[in-house]
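Hey, can you work out the whole structure from these sequences and the hints?
4 protein chains.
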Amino acid sequence: MQIGLIGLGKMGGNMRDRIRAAGHEVVGYDTDQKISDAKDLKDLVSKLSAPRVVWVMVPAGKVTDSVINDLSDLLEAGDLIVDGGNSKFTDDERHAQELDRKGIAFVDCGVSGGVWGKEAGYGLMCGGSDKDVERVMPIFDALRPEGPRDEGWVHAGDVGAGHYVKMVHNGIEYGMMQAYAEGYELLAAKEIVKDVPAAFKAWTRGTVVRSWLQELMATALAKDPGFDKISGFVNDSGEGRWTVQEAVEYGVPMPVISASLFARFVSRQDDSPAMQAVAAMRNEFGGHPVTLKGQKGIVTDH
Amino acid sequence: MQIGLIGLGKMGGNMRDRIRAAGHEVVGYDTDQKISDAKDLKDLVSKLSAPRVVWVMVPAGKVTDSVINDLSDLLEAGDLIVDGGNSKFTDDERHAQELDRKGIAFVDCGVSGGVWGKEAGYGLMCGGSDKDVERVMPIFDALRPEGPRDEGWVHAGDVGAGHYVKMVHNGIEYGMMQAYAEGYELLAAKEIVKDVPAAFKAWTRGTVVRSWLQELMATALAKDPGFDKISGFVNDSGEGRWTVQEAVEYGVPMPVISASLFARFVSRQDDSPAMQAVAAMRNEFGGHPVTLKGQKGIVTDH
Amino acid sequence: MQIGLIGLGKMGGNMRDRIRAAGHEVVGYDTDQKISDAKDLKDLVSKLSAPRVVWVMVPAGKVTDSVINDLSDLLEAGDLIVDGGNSKFTDDERHAQELDRKGIAFVDCGVSGGVWGKEAGYGLMCGGSDKDVERVMPIFDALRPEGPRDEGWVHAGDVGAGHYVKMVHNGIEYGMMQAYAEGYELLAAKEIVKDVPAAFKAWTRGTVVRSWLQELMATALAKDPGFDKISGFVNDSGEGRWTVQEAVEYGVPMPVISASLFARFVSRQDDSPAMQAVAAMRNEFGGHPVTLKGQKGIVTDH
Amino acid sequence: MQIGLIGLGKMGGNMRDRIRAAGHEVVGYDTDQKISDAKDLKDLVSKLSAPRVVWVMVPAGKVTDSVINDLSDLLEAGDLIVDGGNSKFTDDERHAQELDRKGIAFVDCGVSGGVWGKEAGYGLMCGGSDKDVERVMPIFDALRPEGPRDEGWVHAGDVGAGHYVKMVHNGIEYGMMQAYAEGYELLAAKEIVKDVPAAFKAWTRGTVVRSWLQELMATALAKDPGFDKISGFVNDSGEGRWTVQEAVEYGVPMPVISASLFARFVSRQDDSPAMQAVAAMRNEFGGHPVTLKGQKGIVTDH
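Same order as they appear, the protein sequences are chains A, W, P and Z. Residue 66 in the UniProt record's numbering sits at position 66 of the first sequence, and the numbers go up by one each step. Residue 270 in the UniProt record's numbering sits at position 270 of the second sequence, and the numbers go up by one each step. Residue 6 in the UniProt record's numbering sits at position 6 of the third sequence, and the numbers go up by one each step. Residue 113 in the UniProt record's numbering sits at position 113 of the fourth sequence, and the numbers go up by one each step.
Derived by calculation from the structure, the hints in this document are not laboratory data. Careful, some of the hints might be misleading.
[Said to hold, decoys possible] Calculated pairs, EDC-like style, for lysine to aspartate or glutamate (alpha carbon to alpha carbon, straight line, at most 16 Å):
id: 1; chain 1: A; residue 1: K118; chain 2: A; residue 2: E146
id: 2; chain 1: A; residue 1: K47; chain 2: A; residue 2: D37
id: 3; chain 1: W; residue 1: K293; chain 2: P; residue 2: D224
id: 4; chain 1: Z; residue 1: K293; chain 2: A; residue 2: D224
id: 5; chain 1: Z; residue 1: K88; chain 2: W; residue 2: E249
id: 6; chain 1: Z; residue 1: K229; chain 2: A; residue 2: D271
id: 7; chain 1: P; residue 1: K10; chain 2: P; residue 2: D32
id: 8; chain 1: A; residue 1: K118; chain 2: A; residue 2: D132
id: 9; chain 1: W; residue 1: K194; chain 2: A; residue 2: D150
id: 10; chain 1: P; residue 1: K194; chain 2: Z; residue 2: D158
id: 11; chain 1: Z; residue 1: K88; chain 2: Z; residue 2: D43
id: 12; chain 1: W; residue 1: K293; chain 2: P; residue 2: D270
id: 13; chain 1: P; residue 1: K39; chain 2: P; residue 2: D70
id: 14; chain 1: W; residue 1: K229; chain 2: P; residue 2: D270
id: 15; chain 1: A; residue 1: K39; chain 2: A; residue 2: D70
id: 16; chain 1: P; residue 1: K293; chain 2: W; residue 2: E249
id: 17; chain 1: P; residue 1: K293; chain 2: P; residue 2: D271
id: 18; chain 1: W; residue 1: K194; chain 2: A; residue 2: D158
id: 19; chain 1: P; residue 1: K118; chain 2: P; residue 2: D17
id: 20; chain 1: A; residue 1: K194; chain 2: W; residue 2: D224
id: 21; chain 1: A; residue 1: K229; chain 2: Z; residue 2: D271
id: 22; chain 1: W; residue 1: K293; chain 2: P; residue 2: D228
id: 23; chain 1: P; residue 1: K194; chain 2: Z; residue 2: D130
Just so you know, these numbers come straight off a predicted model, no measurement behind them.
Put into structure tokens, the structure is as follows:
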């Protein structure tokens, strides 16, 4: 089938390749004209035959809002937009309502797999009506990994359900990574363990903790044992935050995923206001020495 | 080669089969005579030619202590004991010292893989001297999964290092399982997500969270969607506790693995003394209603 | 001065008494006519001389919304509403805007102190313009504890700031209570400590952990040592949730307050879906026994 | 009565003053001869009349071990040693057994109150036999705050129970401080709150969170609003670690106190090995940019 694809970055660019490799026609658009197949959105729309399917693969939030808004003026009733970015599920509901007024259908699709997806395929989590999801199925089948469809793709529910499942997926991802990371730090601290990279690699087969992330961890350790080259500064892209906020909203205990998120927050702080407060209180009651700004700390006190 | 194997339960029994299938001779001993190849430990030792290798696969702690102690009286200088159970690494150091006085060598080996190991092979994490570990290598090769040796087996360091790596492996396992579990609970709470089992299954290919545990979770959900049949009562076998205690000892932050451990503690409490204390304090300051023993709780108060 | 007071429950009723005891005139309204000074809101408004000050002390959310909406139709330009309930700060911004269109001023005020406030005074945290806050000052002075004004009252900022500070106050309260509660549970578990209630009481003077909550804990333990009569079922009233959601929004690590909140969530669950998931995964990989619904658990497995 | 006091530092020196002010005779010893009343331990013992009471107030662990060992050679049967330092309760049991062989009695006493204790009195938590504790009572009464004895002193159980209660006291202290600190960080992050120091001060009277630590926090903020002068580097002195390890040993969930401890660990790390691991994994799967050592981080990525 024919599809328009907006956003040809790290994810979108690879997806264009994979969809084309499956025999479909892709008209891609990017603000970078060197890689774009269309001059602008209007040009992209004009190159597609109605009823059109356009996949939006741009940063969540304002950029996605703006692209979907622009598209809604260019597309016609009967066309369909897929939002494949990392949008919040509440954005999906809003987008679907706005588009519905113009007769444009909407499907949300969480996409997992990172830079490996081009070759290995992408894990896909969709939301929308049966009819709308079915319309995009040839593209889903092109993007998802080989194997049974239900092992790499799910129609999770109505509009928003796809991004919701992807959001939780990312929350789980935070927790898993933090679990490996804590284990790594302890292994690295314990003198008895001579070869931490080898331990991580040895978990690849037969163990309970084997996983793709564990393999990536082994790969990373093979390249840079001891992590001498990189800093422990870790961003978060929104989905972990939404997962925790949703858990709080629904009364779901979420100690592990929240702890993983908070560890990322801490990793980005030059100094911790909270720990300054603790240092200040200790100084007040115990005369415990405080470390002045710019000083190196002292580790023991009595 | 020839090996003695003590303990033919869920793990040991399968391991005997797998070692035999690889062409080695196994003399197994178990207190259950129906499955045992030897009448008693003395009989087992008599059936092995010196220098002997005996693999101990019994519950950690007192049982392992007792078996190793008994063996140390029956074996000779030049023999070797492998402890493949879930022993604490500090036990290994003690066992190695005691055996060394009699000239008996000692290797510790953490074994992962559960009931699936018989067919898929076991992930193995060893500690001991190069020479001693090398002596057991044919058995390690029989037990570990097919594929490159370093993807299912590691010689992690001196005596104790194998069980240490296995201990941390289990701590990570706790954290991973809790991450999936928290994600599950949120998905199950959110009405927008229509098919939670399908979501877990769809993560099998292409996603960042794909893993063996994720596949097992999908399998479990396929059998019992909604977990109507089982209770959220979860044991712990020691290794998670040791992992957290070691982290505290070494000043390693371990929020995720400790939270996973504490969640298991809570899961086994009929009532929480801590939460009784919170309820009592709230009642004192605010006249907030408390729930009497045996009553059903009220969920909102002002 | 003269003030209208809407809501004469556990908090509002005591506040009416305390304000009157300070020599001010209070016209109270409650849906319970037996304790109400006015037939209805219209009657209340008619009994106050313009420019009026009306303090709203009803449950946050829909009830507060409804009362403020009704009042906005009955009051005149130049009147002022104080919301003293546990409203979310975002509600304050909305209320202030709506009222401003009619020329009605708005002040938010978080009130702490529970049933003890009538005698001891209430801790007050206000938000609004200098002019509006100043107008209510005689009432604030009547309600707050004796002593310097700045030790029991704060003008924290513009509209919403009062409830924001109160929200964080409650989040801290959750964390403090959980800290005492965890300490209690450990003391109660350790056979070496013979008299846990005495230990809590002994912390009243001289120690670092002395506090009002600690005194209440000692009082509660004196009444019911061992907490044999009450259940560990703990509600939450919204502010803890908002505190954590705000922390997530602002990238503030909040491990302790979130853990306290999650402990309350768990305390209200008959069974934990997350722990059912963990039990199910363990059963899949290790053949670990699961506890069926209705069964008592088994504590050890191998 | 007469008492020997070993260790005249920040705590011991003040305690000598307070005991003397109550009319007792104190022979103090310190390695700093300028403040010492005795040349050495032998001299101290010779200046006391049998049966002697000697209070040891030196750093826990090796120093306390060494002083108690030296004293055990100098004292006679019938004498009594009080360990008032921050010793681990397991040390108490060992010390009591060693001293018992020589007929020397032993009492452990946790002392809280910091530099404020000289004037306000110290919170005391004792362990030992009724007879031994009774013998030291005049000194306990001198050290504890004015008011009812049971509000500043407890005989918690046999040897070790005093330090156990003090250990848990400190664990609770960690949790409380972290709760205030998290609340502080959120208030400081929220632009709507104009005067965070004033908010903390306003909690002094009437609120649920009022406490001595809250007053100290208000004092610290008054001196250095915004904590511009001090660094968020926080030590721990052992008791928090033991509290968490004991909780793990006894199966007591302790999310808040452990999180407080871990936050201190993190505060002392130049870089976090765990977060390096997370950054490395993210880079592997997503091509997420990593921050090289020495670089400033980038906060957003897509």
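> Is K194(W) within 16 Å of D158(A), Cα to Cα?
Replying inline: holds (8 Å)
> Would the pair K39(A) and D70(A) pass a check requiring their Cα atoms to be no farther apart than 16 Å?
Replying inline: holds (15 Å)
>> For K118(A) and E146(A), compute the direct alpha-carbon distance and say whether it is at most 16 Å.
In response: Given that 16 Å is the threshold and the Cα spacing comes to 12 Å, the pair holds.
> Given the hinted pair K194(P) and D130(Z), is their alpha-carbon gap at most 16 Å?
Replying inline: The hint holds at about 13 Å.
> When you check the alpha-carbon spacing of K118(P) and D17(P), does it fall within 16 Å?
Replying inline: holds (7 Å)
>> Hinted pair, alpha-carbon criterion (16 Å max): K293(W), D228(P). Please report holds or violated.
In response: Answer holds: K293(W) to D228(P) is near 8 Å, not above 16 Å.
> When you check the alpha-carbon spacing of K293(W) and D270(P), does it fall within 16 Å?
Replying inline: holds (14 Å)
>> With the threshold set at 16 Å, check whether the alpha-carbon distance from K194(W) to D150(A) stays at or below it.
In response: Roughly 15 Å between the alpha carbons, so the hint for K194(W) and D150(A) holds.
>> With the threshold set at 16 Å, check whether the alpha-carbon distance from K229(A) to D271(Z) stays at or below it.
In response: holds (12 Å)
>> With the threshold set at 16 Å, check whether the alpha-carbon distance from K293(P) to D271(P) stays at or below it.
In response: Satisfied, since the Cα-Cα distance of roughly 9 Å is no more than 16 Å.
> Would the pair K47(A) and D37(A) pass a check requiring their Cα atoms to be no farther apart than 16 Å?
Replying inline: holds (10 Å)
> Regarding the pair K194(P) and D158(Z), is the alpha-carbon distance no greater than 16 Å?
Replying inline: holds (8 Å)
Violated hints, in rising order: 8, 11, 16, 20; the structure is consistent with all others.
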